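There are 2 protein chains.
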Amino acid sequence: MSGEITVKADVLAEQMTAIFRAWGMAEDAIGKCVEIMLEADLMGIDSHGVTMLPTYEQLFKDGRLEMNPEVKVVKETPVMAMIDGGGSLGHYPSSIAMDLAIEKAKKVGMAAVTVRHSNHYGAAGVYALRAARHGLIGISTSSVWNPAIVPTRAAEPMFGTNPFAFAAPTRKNRPFLLDMATSTVAIGKLKLAWLAGKTLPEGWALTPEGKPELNPEQAMATRLMTPLGGSGTMSSHKGYGMAAMVEILSTMLAGATYAPLRNRPEGHYDIGHFFFALDPHAFRDETDFEDELDAMIDRLHNARPVDPAEPVLVPGDPEFDRRAKRERDGIPIAGPMVEMLAGIAERAGAPFTLARLAA
Amino acid sequence: MSGEITVKADVLAEQMTAIFRAWGMAEDAIGKCVEIMLEADLMGIDSHGVTMLPTYEQLFKDGRLEMNPEVKVVKETPVMAMIDGGGSLGHYPSSIAMDLAIEKAKKVGMAAVTVRHSNHYGAAGVYALRAARHGLIGISTSSVWNPAIVPTRAAEPMFGTNPFAFAAPTRKNRPFLLDMATSTVAIGKLKLAWLAGKTLPEGWALTPEGKPELNPEQAMATRLMTPLGGSGTMSSHKGYGMAAMVEILSTMLAGATYAPLRNRPEGHYDIGHFFFALDPHAFRDETDFEDELDAMIDRLHNARPVDPAEPVLVPGDPEFDRRAKRERDGIPIAGPMVEMLAGIAERAGAPFTLARLAA
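Sequence order for the protein chains is A and B.
For the first sequence, my numbering gives the first residue as 1, with consecutive numbering after it.
For the second sequence, my numbering gives the first residue as 1, with consecutive numbering after it.
Derived by calculation from the structure, the hints in this document are not laboratory data.
Among these hints, one or two may not hold up.
Note: identical chains are not told apart, hence a pair may lie in one copy or across any two.
Cut-off 25 Å, straight-line C-alpha distance, at most; resulting in silico cross-link-like pairs (BS3-like, lysine-lysine) [what the hints assert, rightly or not]:
| # | residue 1 | residue 2 |
| --- | --- | --- |
| 1 | K61 | K32 |
| 2 | K75 | K107 |
| 3 | K211 | K198 |
| 4 | K325 | K172 |
Small disclaimer: the values here were computed from a predicted structure and weren't measured.
Using the sequences provided together with the hints, build the complete structure.
Next up, the structure:
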C-alpha cells in the first residue's frame, strides 16, 4: 500500500495527461480537461479533481464518453450561444462555453452559453472564477446524471447535487467565490464521516422512508441527500427550489436530458451546463464595483467572531488559502488514491509517472 | 377590537390607494406600488403586502421616502439599464425596471436592470413572476436596509434577509416560482411562533453570543437570523454566500449603499435591487423549453411522498393555490391589522374605506 504523496501541479498534470492520452482523448480536449481538474485540486476541491479519474474510467468503459468529441456551437447571437458537447467529458465543452460567454460579455455587457450532450464538468467554481479573473461576474451551474437530492416531502431523489457557483471580481482582495452543491452537504462528506467512524448529523441524508439517515455507510449506499436546509422545519424547500432552478438552467434551457426522465439506459448521459458572464463595468464607472465589493469583504473579515480563534471567512477564502499552500507545497494525494491511479494507468497502458514519488 | 375581515382584491386596492394618495404619492407611483403589494397579498405572501403599510408609514414620517420621486434611467444599452429610484418606495422603480428588462430581453435575448436609491420593494417573487408571465425566465434580488443575517462564525448581522427569486414559464402547469429569503426563515416566522406560544427550533435565530436563540420574543427584539442552512454543520456558509451574492447584485452592481457601511443615520436608505430576464426562445425552439419544464414539474408532482397526505409540491404551488382561493374568496386581514390600517388612514387624513367591512 502506497502512502500519501504530495505532488507539484505540473507533475500531477503530466499524469492526468498521460492517462487521457492513453484513452485516446484528443489533444485540445486533454489540455482543457487537465487545466480545469488541476484548478480544482489546487483549490482543495478534492472531490472534483484527480479523484474523479476512477469515475471517468468507468464512464469511458461503459461507452458514455466520446474521446474525440465534435463540440459544436449550434446557435449563436451576440449575447448567447448553445453548444453541443458531442458526448465529451464536460470540462472540454464547458471551458469553451465559459470562454465564449466571457468574450461576448466583454463586447456587449453580458452573455449566457449553455452546453448539452455533456458529462461531469468538474468543479462549478472553476468556471465562475474564470469570469472573475477576467474582471466579470460569473455564474456556472450543472445537472448531474444520477439523482441524489430528495425534494421536501418526497421519498425519492429527483436531482443530482446540482452545483451552483457565483464569482465576482475585486481589486484588493481575492475574488468573491461561492461554489456550492444545492444539497446540504456534498456526497464526499458522507465518506469523510465514515472514515472518521462518526455517525452523520441529523439532516444530511435520508433513509428510503424519508427519515434521517445517521449511518454513513448506509447513506453512501442509498445516496439520498437532503436539499440545503436539511428538513422542512429548516426550510429545505429553499434548497430544493435551488436544485430545481439549477436543473432548469442546465437541462431545460440547454436542451439536455432530465435524469429522472431519461429513457436510454445505455450510452451518453446527456447532462447539461449553464454559464453566464456579466461585465460590471457595463453598469458601474471605473473600479467602483470592485472597490465597493472590497469594502464589503473587508467589513465581513472584520465582523465580530463568535470565537476569536475562528475569524469570519468570505466565500472563496478556504479555496484561495489552500491554493496558495498547494502552489507552494504541492497537492496531497492519499495512499489509496495513488494506488487507484497506478491501476488506471496500467489498464490504460499509460506510464505511471507518479511512480517516482510513490516509491 | 375589530375581528378578521376578508376583502376582495379591488377593495383592498382602494384602501391602499387612498392612503398613498393622502401621503401625497404621485399617481403613477401609486398604481405600480398597489399592483405589486396586492399581488403579494393575493399569493399569500402576507408579510410583504398590506401588512407593510405600518413600516412604510414610519419610513415616510422619518423622511426616508420620496412621494414624488424622479425615477431616472441613468445608463442604458440594449442589454442593460441602471435606474435611480429617487428615494421612492421600491415597488415603483422596480416595476419600471422589471418591465424594461422584459422589453429588452424580448428584443435581444436577455437583459439586466438595476435600481439604486430605493426602498423596500415588496415580494421579490412578484417581479420574477412577471417575467415568466411574459414567457421569460426572471430573476429578482434586493438588499435590505437593516442587517439581520449573521454570517457563519460571526456574532453580528451583515446582511438583510436578502431575498432571491427565480421564475420560469410553462405551458401546462403554473409557472415555476422560487421566492426565498436567504435567511433560514423569514422574520415573520418568529412572530408566528410567538403568537402560537412556541419556542423556536434550534437554528432559526441566534443570541448576541452566537448561540441558538429559542425564545421568539427575544429573537424578534434582536433580529439575529441564521443564513439558510442554520448552522455550520448544516452548511450555513451556503446561505451566507447566497445572501452575499444578493448583496453584490443588488448593491455593488446597482451602485447602492451596503447597510453596514452606511454613514448617514438620517435620510434615504439607498437600498438597491437587481432584475434579470432571459428569453428561453433565444435558446430553444418553439415550446420545447416550456414542455420539458412541464414534464419535470409533472415528475416532481408524481414523486413518491413520505406521507401520501402531503404530496410533493413544486416551487410556486403554495402561492398559486392561495392566489386561486383569494381571487375567489378574498384576502383575509387579521383584526389587529385592520385596526392599524384604520389608524394609518386616520393619521393620513385618508378615508378608511374598509370601515364598511370592519363594522
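Status of each hint after checking the structure:
1. K61 / K32: within (21 Å within a copy, 59 Å between copies)
2. K75 / K107: both (18 Å within a copy, 17 Å between copies)
3. K211 / K198: Both, since 18 Å and 24 Å are each at most 25 Å.
4. K325 / K172: So K325 and K172 pass the 25 Å test inside one copy only (20 Å; across, 53 Å).
In summary, this structure violates none of the numbered hints.
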